[in-house]
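Undergrad: In the order they appear, the protein sequences are chains A and B. Residues 1 to 120, numbered by full-length UniProt numbering, are exactly what the first sequence covers, in order. Residues 1 to 685, numbered by full-length UniProt numbering, are exactly what the second sequence covers, in order.
Where hints are given, some of them may not hold.
Said to hold, decoys possible - Derived DEER-like restraints, expressed as beta-carbon distance ranges: (1) A/Ala72 <-> B/Thr405: 45 to 51 Å; (2) B/Lys161 <-> A/Ala72: 45 to 51 Å; (3) A/Gly26 <-> B/Glu58: 29 to 35 Å; (4) B/Arg308 <-> A/Gly74: 45 to 51 Å.
FYI, nobody ran anything at the bench for these hints, they're computed from the structure. Every residue gets a Cβ at the ideal spot worked out from N, C-alpha and C, and that includes glycine.
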Amino acid sequence: MSGKVLVVDDAAFMRVMIKDTLKKNGYEVVAEAANGQEAVKLYQEHQPDLVTMDITMPEMDGIEALKEIRKADGNAKVIMCSAMGQQGMVVQAIQAGAKDFIVKPFQADRVIEAISKVLK
Amino acid sequence: MDTNQYLDMFIDESKEHLQAINDNLLELEKNPKDIDIVKNVFRSAHTIKGMSATMGFEDIANLTHELENVLDQVRNEITEITPEIMDVIFQSVDLLEGMVYSIIEGSDGKANVAPLVEQLKAIASGQQPTAKETKQATSTDNKSDGNVDGSYGHLLDEYQKTVILQSQSTGHNALHISISLSKDCMLKAARVFMIFDALEGLGEVILADPAVEDLEDEKFDLSFELVFLTAESKDLIKGKLVNISEVAEVEIKNIDLTISSEDEDIKADVEPTVSESALDSSKQEQKQPTEKNQAAMKTKPISSKTIRVDIERLDVLMNLFSELVIDRGRLEQIARELGHSELVESVEHMSRISGDLQNLILNMRMVPIEQVFNRFPRMIRDLSKDLNKKVELDIKGADTELDRTVIDEIGDPLVHLLRNSLDHGLESPEERIKKGKPETGKIQLHAYHSGNHVFIEIIDDGNGLDRQKILNKAIERGLLTEEQGNQMSDQQVFMLLFQSGFSTAKVVTDVSGRGVGLDVVRSKIEALSGQVHIESKLGEYTKFQIELPLTLSIIQSMLIRISDEKYAIPLSSIIETAVFSKKDIYLVQGQQVIDFRGHIVPLVSLEKVFAIPRADEVEDDEVSVIVVKKGDKMAGLIVDDFIGQQEIVLKNLGTYLPNVFAISGATILGDGQVALIIDCNALIQ
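Sequences and hints are given; from them, build the entire structure.
TA: Here it is, written out as structure tokens:
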């Protein structure tokens, strides 16, 4: 499996975690963003195959960023990263075009499962 | 997933967020109506929850989760912040901090969070029960309802059957779909939404069991069933559904109504046509909170461009650089001896550059003292509540920078001094009013640079120090005689507070005055090559001043020679160098002393202390003496020669020589020789 991924999360901790998981499974992390605005900008720069997007972030939250990205690129594939108790946000994200979601705490196989399904 | 490698990051970020929560909570206490602050706290709690759950620190995750629920209600203005709620939140944050710090010390981060979790839950449900709470209570109750005994006809009412029959006549299939989610699926309702979303374009869900509302509220176990009308094939639909994450199993059967049409056991609670409307209403409900969220996002300041570097790497860098400084010294010496002009020139250039480099590296190790000061507002708040005192803490110069090693050590002494000011220094509000002072006391915490030192001052406008009381106590404890006491300056009397076993508190309180008093503070600060001073005026104020060196690794020193050995003495402890005639040395009780500017100063022979061998005895009429100080005490160190002032790099003696008397470390000189660094504090006792 391969593909270019943009990792978006305000916690550097989470970014490193996801990045390592992805790298181990053959994906390439082309960029990392710490908030929604960066995510939108970096998406345009790198045109990744996939975005993992945290929901709760400063500047611009994940849902807003998702909408911006989808506005610019209707085929954008975004997987939301949510925490327990964000059901409503997740549903909203899926309505806005997110392809899937993963729930923190992340399990490596679940992350990879979601990504491989979306990229299929 | 192996999480150890992320532990450092987890700890760093958790600490940052806990600090942010603390700051914001204090702010919130002042402006309980400011929802933006709540949002910030919420976001920090949320991040901690996510990280700790990933790391497997479940107690932290649980507690933050409950905290988040309460905060969520507050930010959505369902619950109003009361002082009681604030206290519970503060306690939770304390416990979280405790857990994070226990993780730093290598434990598993477990703690008994149950009582606080209960309290938080009570707050969340006491005001207004949320969907989450009811969900947790009921999610297990519905297990038996979800199962169908092989047939599905009993689920359908007459109307639905008619619909199915009609659609079958127009070429549609009626499918019975059983879907099981995987066991560890976490946001079940969102999965359900994805499933409905996937089915939407393919046909129509005419029945769901459990009902769609219950599915949305997660009132089901792992599996649920749908009756679906579609023109598509079973396989296509199955393919779509299986490709949704966390869907464990999908079973699709054609519904043939002729089989079980006699079975009229219709469930009362099934509502067939709710799917669309229920989803729609949930969409609308969820819009509101997110919009508020977005407003909150704007308030967080943009973070500066930095990278995190392990402090150990900086230590290594510093160490490598100090090796370079040694070589630079040698090169300078060689160049001087050879007198080769081009060599001298390039060595000079290298010296200048390495000087800049040294400043840069030292600067990299500098951290704003803010890190330490940050936790004080919160501490003062708690303490003043405990002690029923009113106090305002004024912090200035939090951006003053200090070496990281100093920062790590200075926290505890400062805590001690602040507690001391609040507990012993400030009077109770009633007493203050009686004295005509403002009811609210003031504690100032100031930090500033001056020369090669950083000063930290703690000033309270409390009762000040009572010279006579201190003296009485000291005499009572047998630390000195009345006569000695009367001759002492105020400063000297105040410094008695720092003697071990001295405590002026009338009553031993919970806060301070437990005997391990200010002497610990002093020894800690002196261990950092710093000093403490006290200034006070009875009835008006007390000021503690801490003086600290900017850095501990490169120090200014005076090189001296005794016999063939070279030693370095830190400039910070030297008062003066002097030459005395042998006849000016007196013997007092067997101790050699000199009269140094009106003070009787004992002489210390370094030759004897360090047992330095000497080949030939030189008889000289004069002795060279370095007068050093430790607080108010002085001593004269007898040496053979003063070599000169030099910047040296402090290196410790390693693990083989842990506690050599009066030696704090060693340095390598320009000519490659090793010089020991003398710890003057140990020599003056």
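Undergrad: Please go over all the hints and tell whether each is borne out by the structure.
TA: Consistency of the hints with the structure:
About 49 Å separates the C-beta atoms of A/Ala72 and B/Thr405, a value consistent with the hinted range of 45 to 51 Å. Between B/Lys161 and A/Ala72 the beta carbon distance is about 48 Å. The supplied range of 45 to 51 Å therefore holds. Between A/Gly26 and B/Glu58 the CB atoms are about 31 Å apart, so this pair conforms to the stated range of 29 to 35 Å. Between B/Arg308 and A/Gly74 the CB atoms are about 37 Å apart, so this pair departs from the stated range of 45 to 51 Å.
Hint check: a violation occurs at hint 4 only; the rest are consistent with the structure.
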